[in-house]
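Colleague: Chain residues, written in single-letter form:
Number of protein chains: 2
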Amino acid sequence: MSLIDLSKQVALGVDIGGTNTKFGIVNHRGEVLDKGNLRTDAYDKVEDFIDALYEHVHPMMEKHGTEKHFDGIGVGAPNANYYKGTIELAPNLPWKGVIPFAELMKAKFGLPCTVTNDANAAALGEMLFGAARGMKDFIMITLGTGVGSGIIANGSLIYGHDGFAGELGHTIVKPGGRKHWSTGSEGSLEAYASATGITITAKKMRAEFPESMLNQYPEDAINSKTVYECAIKEDPIAIEVFRYTGQKLGEALANFVMFSSPEAILLFGGVIKAGDFILKPAKLHMERNLLPIFRNKVKLVFSELDEADAAILGASALVWEK
Amino acid sequence: MSLIDLSKQVALGVDIGGTNTKFGIVNHRGEVLDKGNLRTDAYDKVEDFIDALYEHVHPMMEKHGTEKHFDGIGVGAPNANYYKGTIELAPNLPWKGVIPFAELMKAKFGLPCTVTNDANAAALGEMLFGAARGMKDFIMITLGTGVGSGIIANGSLIYGHDGFAGELGHTIVKPGGRKHWSTGSEGSLEAYASATGITITAKKMRAEFPESMLNQYPEDAINSKTVYECAIKEDPIAIEVFRYTGQKLGEALANFVMFSSPEAILLFGGVIKAGDFILKPAKLHMERNLLPIFRNKVKLVFSELDEADAAILGASALVWEK
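Heads up: the sequence lines are chains B and V, in that order.
If you're matching positions, the first sequence starts at 854 in my numbering and goes up one per residue.
If you're matching positions, the second sequence starts at 854 in my numbering and goes up one per residue.
Just so you know, same-sequence chains aren't split out, so a pair can sit in one copy or run between any two.
Listed next, the in silico DSSO-like pairs over lysine-lysine satisfying Cα-Cα at most 27 Å (straight line):
| id | residue 1 | residue 2 |
| --- | --- | --- |
| 1 | Lys-1056 | Lys-1027 |
| 2 | Lys-1032 | Lys-1136 |
| 3 | Lys-1150 | Lys-1126 |
| 4 | Lys-959 | Lys-949 |
| 5 | Lys-921 | Lys-861 |
Derived by calculation from the structure, the hints in this document are not laboratory data.
All figures in this text were calculated on a predicted structure; none of them were measured in a lab.
Generate the whole structure from the sequences, applying the supplied hints.
Modeller: Right, here's the structure in full:
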């Protein structure tokens, strides 16, 4: 019998963040059968991290291994190079230099391993299991501490000639604008539309407007959550913080649409909890910056994936996308 | 004998501009075997235009038809939709509405016909016959009266979900900036880096600087050619016109690189006659706006195709790209 029984095929999805790593066993329907996590920042050497990951994962694999077949491992990680299987110069990870991550994983687990950056993995997860099912052209934007992106065109991820395509958070939306705290660039999308950017905007605006509710919090409590709390209480300054954020996001989205003409733009991440406070101005400023042939065509939607599982699903999707 | 003799395969390439239409018979090596042109704007009805094109082309096809086999027709035209075979609402063409151009051509010529916009056709021409041979990821920017673009990723043109992807000339490089004479958008790349944009910049700058050589010309003689004449005579204002143009172009290119991470950006069109006056500042401002992982990687080069034949070659490439 040479037919493959899809119901028995599973993949291991691993999402590596600066602080935590999440992993899970995922089937073809995008169901997470088992999952766990470990601290990324507890391991100074990548080999120790992979050993620890194996110790965590192996009992799970044993448990499911009698009836399931493991197709491979998909890893989402910052600065991951799909072509080379490496993690390169990732500023938020403890491991410096160029790490041959896929090779090390394959040696330890005995399974093929594919890596890509976390936002690319998220885009694949949406295409296979989420709001982008059936779409061949869409853009995924992750709005968290930073701004990440994954671009699907003609049904495939755009990796570019070197594997690093899709850094939309670092495109410039306001030349000569706000200096980025880490890259030093001036006026990037991330400098405005990330949670970090929103905090900066909020601190500036509450200093300008003493009457704002935002001034009831100590300086270090100002973040996108407290801005949201003030916005739902109708503080006009908090609402303006989100409106300005949405405007910058929308202006950037218009440029992305004129690049790849996607069917939809999917937004994901902590910042989207602000909901319509950001989505409405984003939509408005996207549309008004588009050429007429692009107007009122692009769906601007929030991700449908459960946030706790999305990263694992996305990473596992790497295994099946091939 | 079922093998195809490639040396006998030819395609008809047609490039439709607002004023003139060029056409030619092209072989697999990108050699233009025969060519001609007719006025686009002399035909108010598209059917009359296609009849006239047939009258021009048919004798050529007869001449080569005894020994060559015509594989098909490729057409580059403004607002052409690759998926539908239509030319839609093209502001610079005499035919209004949505024209089923490929269908009309097929009915007249009895050959399959594919259409795309002129910059996409140019990108294909560069990939098959020009400076991008062997590249799978590059961006073509045409700098003429307007600014067009064609984007190749994973070895294929990016058409987007509706066939209209790649309108990089209309991306915003300076929010709230110069109003576009036709679209009404504010601060688009085309408003600065097209020949029309350069003329506007030159007229503004010569008014500010009475000592500039540019003031030796009557108002209607100011264009990218006269700016170039003054720049090579070392007029600092003319040089500044190009430097500013190059800066805006370079800032836009940085954003495009962070989108699709191309191996090269190819520049084509009348504006590139300004050479290093534009290329050097464009390169500088592209690099300084890039994330470090993208720096000093992207080749910024001029097209190698003969300008007179490039449009025909590009259109013919559509036939073989499939």
